[in-house]
Amino acid sequence: MHAALVAVIAPLFGAFFCVFSGWAGGKREHWIALTALALSATAALDALLRVLKGGPQTYLLGNWPAPFGIAYTLDPLACALVFLIAAGALLNLWGARREIAHRYPEKDHTFYALYLLAAAGHMGMVVTGDVFNFYVLIEITALSCYALISMGSERSELASLNYLLLGAAGASLYLLGVGFLYIKTGTLNLPDMAAILPAMATAPAVGAALALILLGVAVKMGLFPFHGWLPGAYGEAPAVAAGLVAPMTTKVMAYVLVRFQVSLFPPEFLRAAPALPQIMVWLSVAAILLGAVMALYQKNLRRMLCFIVLAEVGYMAGGLFLGNRDALTGTVLHIYADLAMTLCVFMAAANIERRRGSLAFEKLRGLFGTMPWTMAGLTAGALSMIGVPPFCGFFSKWYLIKGGMAAGHWPFVAALVLSSLVNVLLFFRVFEIAFFEKDERPGLVAGDVSAARLVPLAAVALSLPLLGLATGQIVERVVVPLLAPLT
Amino acid sequence: MRTLTLVALTLTAAFLFRAALDFPAWGDPASPAGLHVSRFFIERSYDDARTPNLVTATLADYRSYDTMFETVVVFCAALACFFIIRAAREACVANVFHYRHAPTGLVLTLRRGCPLPRLRGRFEQIDSEWTPRSVILETVSRGMIPFLQLFAIYVLAHGHYSPGGGFQAGVIFGASYILLAVSHDLRTLTDHVAERTMHLLAAAGVSLYVGIGALALWAGMQFMDYGWMTLAFGMDGPGAHSLGILLVELGVALTVCASLTTIFKLVSSEGTIMEGL
Chain A
1 MHAALVAVIA PLFGAFFCVF SGWAGGKREH WIALTALALS ATAALDALLR
51 VLKGGPQTYL LGNWPAPFGI AYTLDPLACA LVFLIAAGAL LNLWGARREI
101 AHRYPEKDHT FYALYLLAAA GHMGMVVTGD VFNFYVLIEI TALSCYALIS
151 MGSERSELAS LNYLLLGAAG ASLYLLGVGF LYIKTGTLNL PDMAAILPAM
201 ATAPAVGAAL ALILLGVAVK MGLFPFHGWL PGAYGEAPAV AAGLVAPMTT
251 KVMAYVLVRF QVSLFPPEFL RAAPALPQIM VWLSVAAILL GAVMALYQKN
301 LRRMLCFIVL AEVGYMAGGL FLGNRDALTG TVLHIYADLA MTLCVFMAAA
351 NIERRRGSLA FEKLRGLFGT MPWTMAGLTA GALSMIGVPP FCGFFSKWYL
401 IKGGMAAGHW PFVAALVLSS LVNVLLFFRV FEIAFFEKDE RPGLVAGDVS
451 AARLVPLAAV ALSLPLLGLA TGQIVERVVV PLLAPLT
Chain B
1 MRTLTLVALT LTAAFLFRAA LDFPAWGDPA SPAGLHVSRF FIERSYDDAR
51 TPNLVTATLA DYRSYDTMFE TVVVFCAALA CFFIIRAARE ACVANVFHYR
101 HAPTGLVLTL RRGCPLPRLR GRFEQIDSEW TPRSVILETV SRGMIPFLQL
151 FAIYVLAHGH YSPGGGFQAG VIFGASYILL AVSHDLRTLT DHVAERTMHL
201 LAAAGVSLYV GIGALALWAG MQFMDYGWMT LAFGMDGPGA HSLGILLVEL
251 GVALTVCASL TTIFKLVSSE GTIMEGL
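Order-wise, the sequence lines are chains A and B. In this text, residue positions in the first sequence follow my numbering: the first is 1, and each later residue adds one. In this text, residue positions in the second sequence follow my numbering: the first is 1, and each later residue adds one.
Chain B on its own, in the form it takes in the complex (with noise of 0.2 Å):
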């Protein structure tokens, strides 16, 4: 079987290169894929969308219905995730609880319901299988999440004018969520944002791109003809455009943000969003 599998691969890798032969050479600027559809955006990105990065203004705009496709493909793994791995209700409510006296060490294991007792010095809560946690690893995060977030939406915010977008702005975001859950603990990310607020905040990134789209319709225009802006907010036609991109683009960074922060707790907990890592 190995040798059957080496001999069919060497067979498909030979196959691939006798066609790869056959391509334009590399960075031919008479090469079909540089002179056909791209000439178009080349020359007209700037003056319809007002957008001096082409790649932005294809993806959300001449082509944006397969970005929006795009959008849904990462919301539905959300979906999909939560589907399968999410652990019923019941399972998720712990029983006891682990507590640890910080000045000496202690850990106290209660029951639900069961007071703390009353000792000097602060009682934090951890994780069955603890930890220590390090103060400099949690001062740099909380130091560093603050502009990572920043950062994420200047990608956002930038993205016509630079390499960015509303999927690199959403992945950056959702970083800053998980290093939260990284340096300190599951339980402090779901303190911050609960699960139910993950996904609608994901459902309500899809809905918005889906319904910039859809209001073309009402206006009387094509799906996802961002025209429609020049009557709703009496702007010229670039510039509806442009802020149809950005609007689009808000879309998109919400859903990325929300499911990958979903997909990270789902994964990381075994599907009980309680703890672990």
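Okay, chain A solo, but in the shape it has when bound (with noise of 0.2 Å):
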């Protein structure tokens, strides 16, 4: 099972040789980094296909047995979200050569070197099977994202700098939780873990870590109250980098959270708090709730797009503390969902800034007839935003809402059903600037972006119905495969 570990090297090794290529004076740093997402991106199908095929796999790196050195645990899951990640990056990248090399002269290549090692990052703590090394690639990808964030607009140092105190404090809260579980467990594989731990879940010392690890990542995942840095990270950060960070980095953390939710935290540690579930949930309501009210306020196309996906958060951590099969299945769902929609949301308001210059609302007048196809990939985003099938969005929401009302909690509906209008009315906003202001301001450049910026945009876009109408396939080859020990 070579091909999951080659997903993960091959941004590695683009990364160095996009410094090699730069410092020897080459300009074909573009062309390594999309050569080495590309590998990655088939290498993680052909792991995908495999595990569909084969099962479950295990990794052992360095071949040393599995508690004692690391190892991957490799399942639909993990493989299914690893490939979106590489092809996500991939098409992010596609179109982006000039941009970068007009934004950054001289230092092009560390762009594609810190972009290929987020990726890396990012491929890294999905496939990983250890609790440290988990925390040790959640520091490559934030420092790689903290670099690629701060060269943005004016303000994006600032808010580079808010998101490094906060991720600093969010992995170090991770950290002191894997310390104290090794001091009760002496482990640090996952599946050892998840062993050892049930004879002791009501351990104060292991409760203690449980309930540090699950804040720690709420806090990389920008769950309210610990949202305060993502607004400003992501809004502010240069297109190419929102672009990657956006739609990987909160949804990568919630996959950790439901792997931690349905292979690590023993069923007696979660009975013996029924507190910490309920509490999670509202805070995912209040979350729902305050993305939509706020992006309501927002007079910028990217602001506001950051302010829905502080929204999806609490849809997945929400789901995901529900705990009840269709919840689970709705969390798993929409983690591929958003990161499929979210990217093609910020793919097209990137191509948008290309083109206008700024995202600000008075800046989109007669974007529909200047960049229809761009606009056109905005739409599919948006719909699959709402919930209008046959898009992603549509199947997951609606696993979610069936499991918030098996759950019997209808505030976290109420929530739901409440955001999804909200969106309505925010694209339908845009859209109207969009379609019927005309701007005649002059010297404005007609005509859409380049093929190679539309193609990926609608590559993307193409793969939101799909992912939808896949709905059925996913929930029975990932999602059912991966709850089975749970009943």
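Keep in mind that the hints are not guaranteed to be accurate.
The following residues of chain B were derived to be distant from chain A, with all beta-carbon distances above 10 Å [what the hints assert, rightly or not]:
#, residue
1, M1
2, L9
3, G34
4, H36
5, L106
6, Q125
7, I136
8, S176
9, I178
10, T230
Derived DEER-like restraints, expressed as beta-carbon distance ranges [what the hints assert, rightly or not]:
#, chain 1, residue 1, chain 2, residue 2, range
11, A, F435, B, A87, 56 to 66 Å
12, B, A232, A, T58, 22 to 32 Å
13, A, V424, B, L4, 31 to 41 Å
14, B, F17, A, G228, 22 to 32 Å
15, A, N63, B, I136, 49 to 59 Å
16, A, L161, B, T197, 23 to 33 Å
17, A, G26, B, F17, 49 to 59 Å
18, A, K27, B, A87, 42 to 52 Å
19, A, K27, B, T197, 17 to 27 Å
20, A, E106, B, C114, 21 to 31 Å
Sample of chain B residues facing chain A (criterion: CB under 7 Å; computed from the structure) [said to hold, decoys possible]:
#, residue
21, R18
22, P32
23, A33
24, C76
25, L150
26, Y154
27, V210
28, L217
No wet-lab data here; the hints were simulated from the structure. Glycine included, C-beta positions come from ideal geometry on N, C-alpha and C.
Two chains, two separate frames, one set of hints: put the complex together.
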């Protein structure tokens, strides 16, 4: 099962080669980066097909037996997410060569290297089955993202610093929790730890450890009330970097929570602290409402999208802590769906920003006329975020609502529906400006962006209904095996 | 707000103390951390990798994959520093140069391309804000730097037997460069090791590490299994692991040394790599 490994180390080598190439005076970094990501996506697809065929596998790094060395835990859930991350990072970078060369003359090789390191970090977090290795990968991802984010608009350095301070606190909390668990169990391997923990599920140190881990991941995920860094960091980042971090980071953290919920947290622990899931669901409700309300006040497309991301984090966390089968299914589906649709809208926004220079609402006038293809992509993403069938956003929301009803948690259901309605309002306001208001300013560049930027956007937009139509397959082949041990 | 913070901190501290009471006693030989996984390392590390230093064996062999990413973190930090604070190349080309005439202490400020006047005595190039050079400091540092670097190589090579290894060696080697910059000036350091060299070395270090791991794939083994050296160099298993540890530690040392020096240069000169401190 070398495929999963190749998926992670191909971008690493790509990053090193970008640095070599840049300092040797080459101009081939863009192609190196695309090749590395394409290799990574192919390998991830191969790994996915293998686990779908042969069931979950472990990959032993250094060939040391499982609890002693580090092992990957590969199942369809992880491999599919790795594939989406690699493919998303590839498509997002595809048409950005000129933009990067223009924005970072003399430093473009470093941009590519950091981009690839961030992509590798995200993928490594997904496949690893070792709680400490996960922390190391958080470091890589976070460090490269801080650097990428800080080189956007004039306010992005402050936003990045804010993200750095909160993110470092979150990662430290996670590490502290891992330290506690190691003291109590003597292992770092996820399946091994899951086997040991039930015997000591009610020990105070274990409870504290799990609470710290939960808190740390929640900070990194941007769940209310730890969301302060998110809108600034994603809103001010350079467009290409935002297209990488906004779809990926929060989703990977949600994936980790799913993984821990299903295979690490012993059921006795949650039973001993019944208030904890309740609190988390209420925090999610607050996140959804806050995201929806704040999005209404934004005057900039990207900032509006950031607050929608905030609400989406609430969807996933809420579904996760409702804890029943439908809600967990909805969460897993939403991880995939939200990755694809956030990528879609951020890529469309990047295209608009490239042409118009800014994403303030008054700059969006007449976009349907001048940039029809980009707007078609934005519309597809918007319909999916609103939850229109057959786009994938509909199906995940459907399962989440079903889960909320099954748990009898009506506030969560109400918040979900309300936020969908607010999304309708938000996107149609954008469409109204872009469709009906005409822009008569002189010197406006007419025409859509280049095909190198439109083809990847079209691919992502097309994946939305395809993911939606594949819902049955995903549930049957990814979610059902994942949740099988719970019943 | 202050009171609120204080209350939150007190509650967290109480919560953590409560959890800490549940820990095994300090130094308890029967604690889980000492029994479960560590026992494997203690019993096997010499036979597996011919490395009496358990820490080295654990971090560079059993958990080598983690250490690989830790090295990439250091590399990433250097890249991030470069990306954020490196000034544009135009800003890094000086228009005026300052020269101090050693016998008289006279400072000449010349435009680029102007020749120095012919005077008796030596001219030395100085920073725009000049601090007198100390002969004692320069001489002592010049004497120390070779020994520091030698010691770094010793720490690297002796990591199998005593505390040390790639990270420490890299830090000591990097410190020798930083000492050069502190005792002389940044220009002296840049004359010795160019920015480009340092970036290439940093990338070479991580490439060496990941490459050693990836060569195992070529031999049909799992990533990071140093056993491929038994096929390539015809040595026994533990010897191969011992050599593998040394090689990855070398990669770590290269990256750490080059990254530290790069970060120091960038931060001390506000991104221009010309002068400063």
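Now for the hints, and whether the structure bears them out:
1. M1: holds, 14 Å
2. L9: holds, 13 Å
3. G34: Label violated. Min Cβ-Cβ 7 Å, cutoff 10 Å.
4. H36: At about 3 Å from chain A, H36 of chain B fails to clear the 10 Å cut-off, so the statement is violated.
5. L106: Given that every Cβ of chain A is farther than 10 Å from that of L106 of chain B, nearest at about 37 Å, it holds.
6. Q125: Label holds. Min Cβ-Cβ 25 Å, cutoff 10 Å.
7. I136: holds, 37 Å
8. S176: The claim stands: S176 of chain B keeps its Cβ more than 10 Å from every Cβ of chain A (closest is about 23 Å).
9. I178: Correct as stated: the minimum Cβ-Cβ distance to chain A is 22 Å, above 10 Å.
10. T230: Its Cβ never comes within 10 Å of chain A, the nearest being 13 Å, so this holds.
11. A:F435 <-> B:A87: 56 to 66 Å: violated, 44 Å
12. B:A232 <-> A:T58: 22 to 32 Å: holds, 27 Å
13. A:V424 <-> B:L4: 31 to 41 Å: holds, 38 Å
14. B:F17 <-> A:G228: 22 to 32 Å: holds, 28 Å
15. A:N63 <-> B:I136: 49 to 59 Å: holds, 55 Å
16. A:L161 <-> B:T197: 23 to 33 Å: holds, 31 Å
17. A:G26 <-> B:F17: 49 to 59 Å: Holds, at about 57 Å.
18. A:K27 <-> B:A87: 42 to 52 Å: Cβ of K27 of chain A to Cβ of A87 of chain B: about 22 Å, so the range 42 to 52 Å is violated.
19. A:K27 <-> B:T197: 17 to 27 Å: holds, 21 Å
20. A:E106 <-> B:C114: 21 to 31 Å: For E106 of chain A and C114 of chain B the Cβ distance comes to about 28 Å; the hint holds.
21. R18: holds, 6 Å
22. P32: holds, 4 Å
23. A33: holds, 5 Å
24. C76: holds, 5 Å
25. L150: Hint violated; L150 of chain B Cβ to chain A Cβ min 28 Å, cut 7 Å.
26. Y154: violated, 27 Å
27. V210: holds, 6 Å
28. L217: Given a least distance of 6 Å, the restraint on L217 of chain B holds.
Of the numbered hints given earlier, the model fails hints 3, 4, 11, 18, 25, 26; all others are met.
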